[in-house]
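2 protein chains.
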Amino acid sequence: MKNINQLLPKQIRSLIRKGRWSKPTAGLAMGYAQANLVILPGKYAFDFLLFCQRNPKPCPLLEVLESGVHRTSFLSSDADIRTDIPRYNIYRRGRLEDTVKEISDIWKSDFVTFLLGCSFSFEEALLRAKISVRHIEENKNVPMFISSIACKSAGVFHGPMVVTMRPIPSDKVSQAVQITSRYVSVHGAPVHIGDPLKIGIRDLKKPDFGDPVTIKKDEIPVFWACGVTPQAVMMKAKPDLCITHTPGHMFISDLLNEELAIL
Amino acid sequence: MKNINQLLPKQIRSLIRKGRWSKPTAGLAMGYAQANLVILPGKYAFDFLLFCQRNPKPCPLLEVLESGVHRTSFLSSDADIRTDIPRYNIYRRGRLEDTVKEISDIWKSDFVTFLLGCSFSFEEALLRAKISVRHIEENKNVPMFISSIACKSAGVFHGPMVVTMRPIPSDKVSQAVQITSRYVSVHGAPVHIGDPLKIGIRDLKKPDFGDPVTIKKDEIPVFWACGVTPQAVMMKAKPDLCITHTPGHMFISDLLNEELAIL
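Chains as they are written, first to last, in numbering that gives the first Met the number 0: chain W, 0 to 262; chain A, 0 to 262.
Keep in mind that a hint or two might mislead.
Because identical chains share one entry, a pair is satisfied inside a single copy or across any pair of copies.
Unchecked claim - In silico DSS-like cross-links for lysine-lysine, where the CA-CA straight-line distance does not exceed 25 Å: (1) K56 to K151; (2) K197 to K56; (3) K216 to K237; (4) K107 to K129; (5) K22 to K235; (6) K9 to K151.
The set of hints was computed from the structure by calculation and includes no laboratory data.
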């Protein structure tokens with residue numbers, strides 16, 4: 000296999016489809032947008048679409064496929080969401096039941112697919128502006144916290160917003176806001192800057208998911224809405240069935256991050 | 000009655016509710032966002048919500064109310080969409096059947112309400128930057144055209160994008176793009192700048208709706224997505240029932256235009 004880092008999205012998806020790549024996708028197809036996946040039976044589709052409309056920062060919709068449709072058209076003209084994601088989580092009644100490499104065998108004609116923006120896109124933009132991203136520097140997972148910020152509920156879906164934290168030097172916070180504001184479809188601007196207690200976070204060294212990272216003197220903790228929010232919400236709403244990507248194992252689109260930017 | 004131009008949104012809505020104001024709302028409650036209204040029976044709700052998600056420029060969602068809910072919460076904590084709009088259009092199977100001052104008597108528990116951003120918000124921002132808006136200057140309705148740009152279809156909903164045209168001096172086009180880009184939830188940046196033929200418009204003097212306006216030498220026609228698009232789409236999709244505001248007779252929210260701006 001050619002070094003996977005040099006492959007285009009289409010080539011990587013083809014490897015994934017053949018079962019030859021089932022690992023995380025961070026660092027692959029740099030420059031191209033990756034997406035979070037949520038698949039639900041039709042009876043939940045309106046409620047979840049409305050949940051995303053009401054909570055665009057944690058749930059920024061990139062593409063929604065209608066009932067039974069398993070081919071994307073906006074994010075790629077050449078992708079099948081039943082096979083092109085390295086790993087899927089299958090939740091039944093809010094409990095993780097299985098982790099699998101494809102879902103063709105359990106696909107149903109009433110499934111509605113939601114693809115949501117991922118913070119990889121704005122992290123790349125921060126790095127390009129020489130704003131370092133600590134968890135990448137330290138080769139860790141981004142620290143994630145269940146905040147006290149309530150999502151707006153919609154139908155059966157409700158719950159707290161999960162946020163990511165990146166420590167930013169005081170003199171670069173403003174620029175970090177400006178840069179991420181351009182990427183409204185991948186979480187956009189921070190939801191909170193500074194005192195973690197204000198959003199119900201007691202200890203930055205103890206994230207609810209991911210790893211703790213070093214916060215240097217003169218750095219301010221900056222919080223962005225996180226794509227793990229829908230999975231946390233699913234565990235609360237307990238739909239009969241919900242299929243997501245396995246965290247870190249994203250859908251790789253043909254869309255450039257820059258195509259998602261405004262201004 | 001006190002001069003209505005000096006009243007706050009809440010006071011104006013109260014007059015409307017009592018049937019004491021059933022005229023257009025342009026120029027009222029300056030600084031506050033006004034919204035387009037679309038009400039549909041539940042069976043069409045997912046398709047139309049998806050249509051809006053896929054076509055955010057013509058259909059920028061400000062708030063969606065769940066089945067049977069007739070009170071807003073984001074746009075106002077004190078409004079009833081059955082009575083607080085000066086005039087409603089009632090369409091059955093795509094045909095305008097009636098125009099009424101309130102809809103309490105025909106309200107059903109499966110009705111889903113969509114409130115969409117309106118260009119009044121960004122026009123105010125253009126004026127503040129001393130970019131004149133020709134149809135306001137000439138005391139006319141904005142010229143609207145059925146363009147050749149196809150909306151992305153969703154379920155039963157499909158059709159061409161309706162656009163508005165505002166002539167902008169060459170040296171201010173760039174600034175007009177910047178300003179309106181801030182208002183993604185009220186149509187956002189232009190969809191086309193320059194040659195009308197490129198988007199299927201043969202004669203700027205013959206708009207499909209509204210009035211023609213003067214285009215001066217050294218001005219470029221600039222086109223924005225228009226909130227009339229959903230009404231055009233309804234006429235094609237012919238749902239059993241659809242209730243909208245009567246054009247120009249908008250919902251007046253408690254939200255400041257500036258609260259809708261990003262960056």
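Hint numbers the structure violates, sorted upward? 3, 4, 5
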